[in-house]
Amino acid sequence: MAPAVLVPIDEGSDGEGGSATDVAAPSPAPMDIDGDDDGRDRGGEGDGAAASVPAADGSSAALSLTLGLHVHGDGGGADRLSDLHEDILAKILGHLRDIRNVATTAVLSRRWLDLWTLVDIIVLQYDEPPDSRIVQEVLAARARNGSTATDIRLLEVTSLNSATPDATASWLRVAAPRLTGELFFRNRSSVPSEILNEEMDVVEQLVEELGDLVVDESGAFELPCFMRVTKITLSLWFLGLSLPPSGVFAKLRELHLVHVQFNGELTMEDAMLPSLEWLEIRHSSGLASLTLRLAPLTLMTLYNVRRLRRLNAVLPGLEVLSVTECFLEDLEGVSIVAEELEDLRWLDMYQPGLVYFKRMPRLQMLLPPAVYPYGLQNVFFNRSCQMLLNLCPSIDGLLLFVEIELEQGDKHGVRPLMEGITQLPHIKILCLNLLTRGHAYGASVLHILTMCTGIAVLGLRIEEDFQVENACPVNCLCDRPRNWRDKDISMRSLTEIVILNFRGKQHELDLVRVLVQVAPALDLVRMTCHRSLAAFGVELLRAYVRSFASFRTSVEVSQSN
71 MAPAVLVPID EGSDGEGGSA TDVAAPSPAP MDIDGDDDGR DRGGEGDGAA ASVPAADGSS
131 AALSLTLGLH VHGDGGGADR LSDLHEDILA KILGHLRDIR NVATTAVLSR RWLDLWTLVD
191 IIVLQYDEPP DSRIVQEVLA ARARNGSTAT DIRLLEVTSL NSATPDATAS WLRVAAPRLT
251 GELFFRNRSS VPSEILNEEM DVVEQLVEEL GDLVVDESGA FELPCFMRVT KITLSLWFLG
311 LSLPPSGVFA KLRELHLVHV QFNGELTMED AMLPSLEWLE IRHSSGLASL TLRLAPLTLM
371 TLYNVRRLRR LNAVLPGLEV LSVTECFLED LEGVSIVAEE LEDLRWLDMY QPGLVYFKRM
431 PRLQMLLPPA VYPYGLQNVF FNRSCQMLLN LCPSIDGLLL FVEIELEQGD KHGVRPLMEG
491 ITQLPHIKIL CLNLLTRGHA YGASVLHILT MCTGIAVLGL RIEEDFQVEN ACPVNCLCDR
551 PRNWRDKDIS MRSLTEIVIL NFRGKQHELD LVRVLVQVAP ALDLVRMTCH RSLAAFGVEL
611 LRAYVRSFAS FRTSVEVSQS N
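Numbers given in the working numbering equal positions in the sequence shown, counted from 1, plus 70.
Honestly, I wouldn't trust all of these hints.
Computed spacing ranges between beta-carbons, pair by pair [unchecked claim]:
no., residue 1, residue 2, range
1, Asp593, Glu534, 41 to 47 Å
2, Leu369, Ser624, 31 to 37 Å
3, Asp236, Glu409, 40 to 46 Å
4, Ile559, Phe450, 26 to 32 Å
5, Ala210, Pro314, 21 to 27 Å
6, Asp340, Phe618, 56 to 62 Å
7, Asn382, Pro315, 17 to 23 Å
8, Leu594, Asn553, 36 to 42 Å
9, Pro366, Thr523, 38 to 44 Å
10, Phe450, Ser316, 15 to 21 Å
It should be emphasised that the hints constitute simulated quantities derived from the structure, not laboratory data.
These numbers come from a predicted model, not from an experiment.
Cβ coordinates follow ideal geometry from the N, Cα and C atoms, glycine included.
Input sequences plus hints: build the corresponding full structure.
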């Protein structure tokens, strides 16, 4: 059996479909190719004229001067670098990425004056909204070449302040017919995300008080139709967005939308997006109803799409679906038809009368809503999780978030452990992400294992972000029932245990001892210790586990970086 892999759910990231490129530093000094320290390359009398190059300050005037550089000299000598074919030179210059740096290489030789227009990667940032003319000028200068070499493989634009809808739409329209690869636009990247999230909270509060979801149309723009683009990533920071009423994104395979303000309803169908394979919408608002009819779609992520009420999706090719914190309020109805689905991650509200999944015969991995071992107030969430578990009587793997959340002195904590969770599917692999907040978790883990004693692989990941120092007073409820260390269970099929972020506390050591002793067929114990554990502690831990493990059990203990 292949080893279990604990996959952390990256809930805090922006999810922009891949990292963008950091814009390079200001332009480099001119190059002295022949090494004679005269600031010129061979045969030139001023090709190293650095004074002709404007500063890369982001203004359109500076770019215009750069595009209009006049290179002196007769070019009578041997310039071996410029003897390379233009296509090769363009590929070399493309590695500079920042288009300003690429353009300033014109000082090296007369022949290089327009060479930058052949580079198929444009990375550009501007900080003077609403003026985005610098982007349009770059695109227009390349278009003047008039050949197919002007096609752009990557266009990455960053606005350091709040871009306006009109300015954004203007350069997008210019780019649409010229772009063949990837479009990446990030708006207002200089503002910390926590501030923007606070602003979004204020907007949502106003919407709730007014009772209507109203979007200011002056703050929105229409995305032009990109016929040849394969990937689009837009991180808009509250700019409104709509799709064109007609047209075809014929080759678009990936669409990533982050911090977008929608206007009520959004429909995506094969007629407009015939090749779309991956759809991602994160940290967005204003989307009340989402309708999808996309046959080629294989991967979809909806994360924190605030106040989404309705989802109607027919996705016959979908393999992975992840939905998180979209339907916690105002849920009206969800219908998902995805018979090829293999991996379902539903960290959201589930109610059988309102959320409908058509039969999923190929489902292999399930991540349901989090479970709570303690507290009467959490029974409702446990029951929501249990109802989703009931849809999947037999699957390969189950990933559970276990949140240990309690208040000392709360008598609700003495209720049955993990009330509302009564049965788990028949599974081979169980992975538990433990959000402990510094509490003991042995009793919770063993309680879950009593409902799936036939598993072959057990993974435990202690989430570091939820550690709280001195969380447990004496007689804390998290260590109940007291006899959990003497739990009488048999895990005869368990062959592998993987533990991440182990801290070596006494209750953790007790749990490891119990797990190893109740699994007679255990082949491997692999533990990665938290960086706070000293090196000698790692060696002691290995010896500790080895002392009660079977001779056939391999024990691997390491420390995370």
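Here is how each hint holds up against the structure:
no.: 1; hint: Asp593 x Glu534: 41 to 47 Å; result: 28 Å, violated
no.: 2; hint: Leu369 x Ser624: 31 to 37 Å; result: 35 Å, holds
no.: 3; hint: Asp236 x Glu409: 40 to 46 Å; result: 44 Å, holds
no.: 4; hint: Ile559 x Phe450: 26 to 32 Å; result: 28 Å, holds
no.: 5; hint: Ala210 x Pro314: 21 to 27 Å; result: 23 Å, holds
no.: 6; hint: Asp340 x Phe618: 56 to 62 Å; result: 59 Å, holds
no.: 7; hint: Asn382 x Pro315: 17 to 23 Å; result: 20 Å, holds
no.: 8; hint: Leu594 x Asn553: 36 to 42 Å; result: 28 Å, violated
no.: 9; hint: Pro366 x Thr523: 38 to 44 Å; result: 41 Å, holds
no.: 10; hint: Phe450 x Ser316: 15 to 21 Å; result: 45 Å, violated
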